[in-house]
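2 protein chains.
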Amino acid sequence: MIIIKTIKELKNIIRSNKKQGHSIGFVPTMGFLHEGHLSLIRAAKKENDLVVVSIFVNPTQFGVGEDFEAYPRDLDNDAKVSEAAGADVIFNPSINEMYPEKYQTYVEVLEITNKLCGLSRPTHFKGVTTVVNKLFNIVEPDRAYFGQKDAQQVAVLQKMVLDLNMNIDIIPCPIVREADGLAMSSRNTYLSPEQRNAALILSKSLFTAKDMINKGGREAAEIKETIIKMINSEPLAAIDYVEIVDALSLNDIPTLKGSILIALAVKIGKTRLIDNIRAEV
Amino acid sequence: MIIIKTIKELKNIIRSNKKQGHSIGFVPTMGFLHEGHLSLIRAAKKENDLVVVSIFVNPTQFGVGEDFEAYPRDLDNDAKVSEAAGADVIFNPSINEMYPEKYQTYVEVLEITNKLCGLSRPTHFKGVTTVVNKLFNIVEPDRAYFGQKDAQQVAVLQKMVLDLNMNIDIIPCPIVREADGLAMSSRNTYLSPEQRNAALILSKSLFTAKDMINKGGREAAEIKETIIKMINSEPLAAIDYVEIVDALSLNDIPTLKGSILIALAVKIGKTRLIDNIRAEV
Numbered sequence: 001m002i003i004i005k006t007i008k009e010l011k012n013i014i015r016s017n018k019k020q021g022h023s024i025g026f027v028p029t030m031g032f033l034h035e036g037h038l039s040l041i042r043a044a045k046k047e048n049d050l051v052v053v054s055i056f057v058n059p060t061q062f063g064v065g066e067d068f069e070a071y072p073r074d075l076d077n078d079a080k081v082s083e084a085a086g087a088d089v090i091f092n093p094s095i096n097e098m099y100p101e102k103y104q105t106y107v108e109v110l111e112i113t114n115k116l117c118g119l120s121r122p123t124h125f126k127g128v129t130t131v132v133n134k135l136f137n138i139v140e141p142d143r144a145y146f147g148q149k150d151a152q153q154v155a156v157l158q159k160m161v162l163d164l165n166m167n168i169d170i171i172p173c174p175i176v177r178e179a180d181g182l183a184m185s186s187r188n189t190y191l192s193p194e195q196r197n198a199a200l201i202l203s204k205s206l207f208t209a210k211d212m213i214n215k216g217g218r219e220a221a222e223i224k225e226t227i228i229k230m231i232n233s234e235p236l237a238a239i240d241y242v243e244i245v246d247a248l249s250l251n252d253i254p255t256l257k258g259s260i261l262i263a264l265a266v267k268i269g270k271t272r273l274i275d276n277i278r279a280e281v
Numbered sequence: 001m002i003i004i005k006t007i008k009e010l011k012n013i014i015r016s017n018k019k020q021g022h023s024i025g026f027v028p029t030m031g032f033l034h035e036g037h038l039s040l041i042r043a044a045k046k047e048n049d050l051v052v053v054s055i056f057v058n059p060t061q062f063g064v065g066e067d068f069e070a071y072p073r074d075l076d077n078d079a080k081v082s083e084a085a086g087a088d089v090i091f092n093p094s095i096n097e098m099y100p101e102k103y104q105t106y107v108e109v110l111e112i113t114n115k116l117c118g119l120s121r122p123t124h125f126k127g128v129t130t131v132v133n134k135l136f137n138i139v140e141p142d143r144a145y146f147g148q149k150d151a152q153q154v155a156v157l158q159k160m161v162l163d164l165n166m167n168i169d170i171i172p173c174p175i176v177r178e179a180d181g182l183a184m185s186s187r188n189t190y191l192s193p194e195q196r197n198a199a200l201i202l203s204k205s206l207f208t209a210k211d212m213i214n215k216g217g218r219e220a221a222e223i224k225e226t227i228i229k230m231i232n233s234e235p236l237a238a239i240d241y242v243e244i245v246d247a248l249s250l251n252d253i254p255t256l257k258g259s260i261l262i263a264l265a266v267k268i269g270k271t272r273l274i275d276n277i278r279a280e281v
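Sequence order for the protein chains is A and B.
Its first residue numbered 1, the first sequence is counted upward by one per residue in the working numbering.
Its first residue numbered 1, the second sequence is counted upward by one per residue in the working numbering.
These are computed hints drawn from the structure, not numbers from a lab.
Be aware that one or more of the hints could be misleading.
As the list claims (entries may be wrong) - Derived lysine-lysine pairs resembling DSBU-like cross-links, with alpha carbons at most 30 Å apart:
hint, chain 1, residue 1, chain 2, residue 2
1, B, Lys5, B, Lys45
2, B, Lys102, A, Lys257
3, B, Lys19, B, Lys8
4, A, Lys80, A, Lys115
5, B, Lys126, A, Lys45
6, B, Lys8, B, Lys115
7, B, Lys19, A, Lys19
8, A, Lys8, B, Lys11
9, A, Lys115, A, Lys229
10, B, Lys18, A, Lys19
11, A, Lys19, B, Lys46
12, A, Lys8, B, Lys5
13, A, Lys11, B, Lys80
14, A, Lys115, B, Lys102
15, A, Lys5, B, Lys18
16, A, Lys18, B, Lys8
17, A, Lys224, B, Lys102
18, B, Lys80, B, Lys115
19, A, Lys102, B, Lys257
20, B, Lys126, A, Lys102
21, A, Lys11, B, Lys11
22, A, Lys115, A, Lys204
What the hints assert, rightly or not - Take a look, some chain B residues computed to stay more than 10 Å from chain A by CB distance:
hint, residue
23, His22
24, Phe62
25, Pro122
26, Lys210
27, Asn214
28, Glu219
Note that this is a predicted model, so its numbers are computed, not measured.
Glycine included, every Cβ here is placed at the ideal spot set by N, Cα and C.
So that you can see chain A by itself, here it is in the shape it has in the complex (with noise of 0.2 Å):
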């Protein structure tokens, strides 16, 4: 596995993998990976005959006030772990290498963004969606990984390969979750222990909100009401939002039908965590 910083030298690795016909796996990251990433990672060598993992904490995406600065990265650990996944590149740009002096182009994807996250991040999916397609262009892959628990992450990206004609498959994997059902995320580790039980409410209530689906519940306002009262009951949690919406475009719906997604975002202590689960109804 080999490490690369610029552009250009990918560019090349690329271009000679393309010309022997080699499929390419891309695996894009913030760095500081856990089991989660590397479901996406193995998932990717299955798939692909040559796999790219970047790992670029990015700076477009984060908000004012937000944790740009203190986002965790360990990029020997990242490069140990991602190795033994399958990866064979690991592509670690600096933020002048992907945003030079007089950089000004952005890609936004606009309606789908305006709901859940977008709302209380208004600036974050544009710097998503740029990154993304820069990140493409450079990679070329034919199918990029993608971790479920950014659901909307997930749909936006979805919406700007349709709508821009890119030609890759965004392949979403499931959410890999701690034994005690916590999803797995980098921002974990913001958590105290005592905070770390109280993020059990996230999953706990996905659960029950399943099993209300399970046992025949079709009415989004009673199942949400359910989620809201036992987030509601941990002290340490401050809800953000959540929300009950058709899978693919994100819409509300009142009464449950199709592909669903029922997904939260939740203040414990500083730490902001997101979790969702799907449903087929």
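Once you've looked at the hints, dock chain B against the given chain A.
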């Protein structure tokens, strides 16, 4: 030569050409082709195995009250002259093929679009970068050819390709002029014989400016004043802008040095015409 209407069909043709190692040259147009466009097709033919010409009057680059409906169209003649100039494929999609229902993704270059034509046409370049980004993803050209008449368009697209790390060479080609100096443009068809004659003031004033530079003139203000006086002496002409800028950044320069662009936009009746000259100082 074949005429293709759908993205899917064109992508199949592109994929098969890529597999055979063919290079692809691309000439994006809004149709109603004149010698300016044909010079781009001929340049593409010289340097590439496959030449694709798109003909699409792109609604997103026209502002409210502009001439989207009136813009001249003649696919039969376009096909005939394209083929003679060396085009292999014409891509002529419908509006719905390019912007289906629920379309919501846009590509935007910021600073460089906020001057010259961008001031009087504030949504124009966002439409241009969006459609060209889409077309680049569909055609995957090695080289794309644009006329220098739309000098700001060339600069904006070069910036988009640079910023988004796209794997495409933008090739600017010289302005093609009528025998009397008028820069060729599909919009020249809007002009009455009297207006057509008045429109000569654009190129005449630019040629005068070029003479001043050749004779050692270096003061932008002085050259600009000469151009403005000449155009104002033509009763049918109303200046939108006359600017002397750095050819790459499009920033104003008081004293001429390096690569210079003298660009202007002038209304002749209801028809807005643009023209420019380059100078190396």
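Results of checking the hints against the structure:
no., hint, verdict
1, Lys5/B x Lys45/B, "22 Å, holds"
2, Lys102/B x Lys257/A, "21 Å, holds"
3, Lys19/B x Lys8/B, "17 Å, holds"
4, Lys80/A x Lys115/A, "37 Å, violated"
5, Lys126/B x Lys45/A, "38 Å, violated"
6, Lys8/B x Lys115/B, "37 Å, violated"
7, Lys19/B x Lys19/A, "9 Å, holds"
8, Lys8/A x Lys11/B, "27 Å, holds"
9, Lys115/A x Lys229/A, "22 Å, holds"
10, Lys18/B x Lys19/A, "10 Å, holds"
11, Lys19/A x Lys46/B, "24 Å, holds"
12, Lys8/A x Lys5/B, "36 Å, violated"
13, Lys11/A x Lys80/B, "39 Å, violated"
14, Lys115/A x Lys102/B, "16 Å, holds"
15, Lys5/A x Lys18/B, "28 Å, holds"
16, Lys18/A x Lys8/B, "22 Å, holds"
17, Lys224/A x Lys102/B, "27 Å, holds"
18, Lys80/B x Lys115/B, "37 Å, violated"
19, Lys102/A x Lys257/B, "21 Å, holds"
20, Lys126/B x Lys102/A, "18 Å, holds"
21, Lys11/A x Lys11/B, "22 Å, holds"
22, Lys115/A x Lys204/A, "23 Å, holds"
23, His22, "14 Å, holds"
24, Phe62, "19 Å, holds"
25, Pro122, "16 Å, holds"
26, Lys210, "29 Å, holds"
27, Asn214, "31 Å, holds"
28, Glu219, "27 Å, holds"
Violation of the numbered hints given earlier is confined to hints 4, 5, 6, 12, 13 and 18; the remaining hints are satisfied by the structure.
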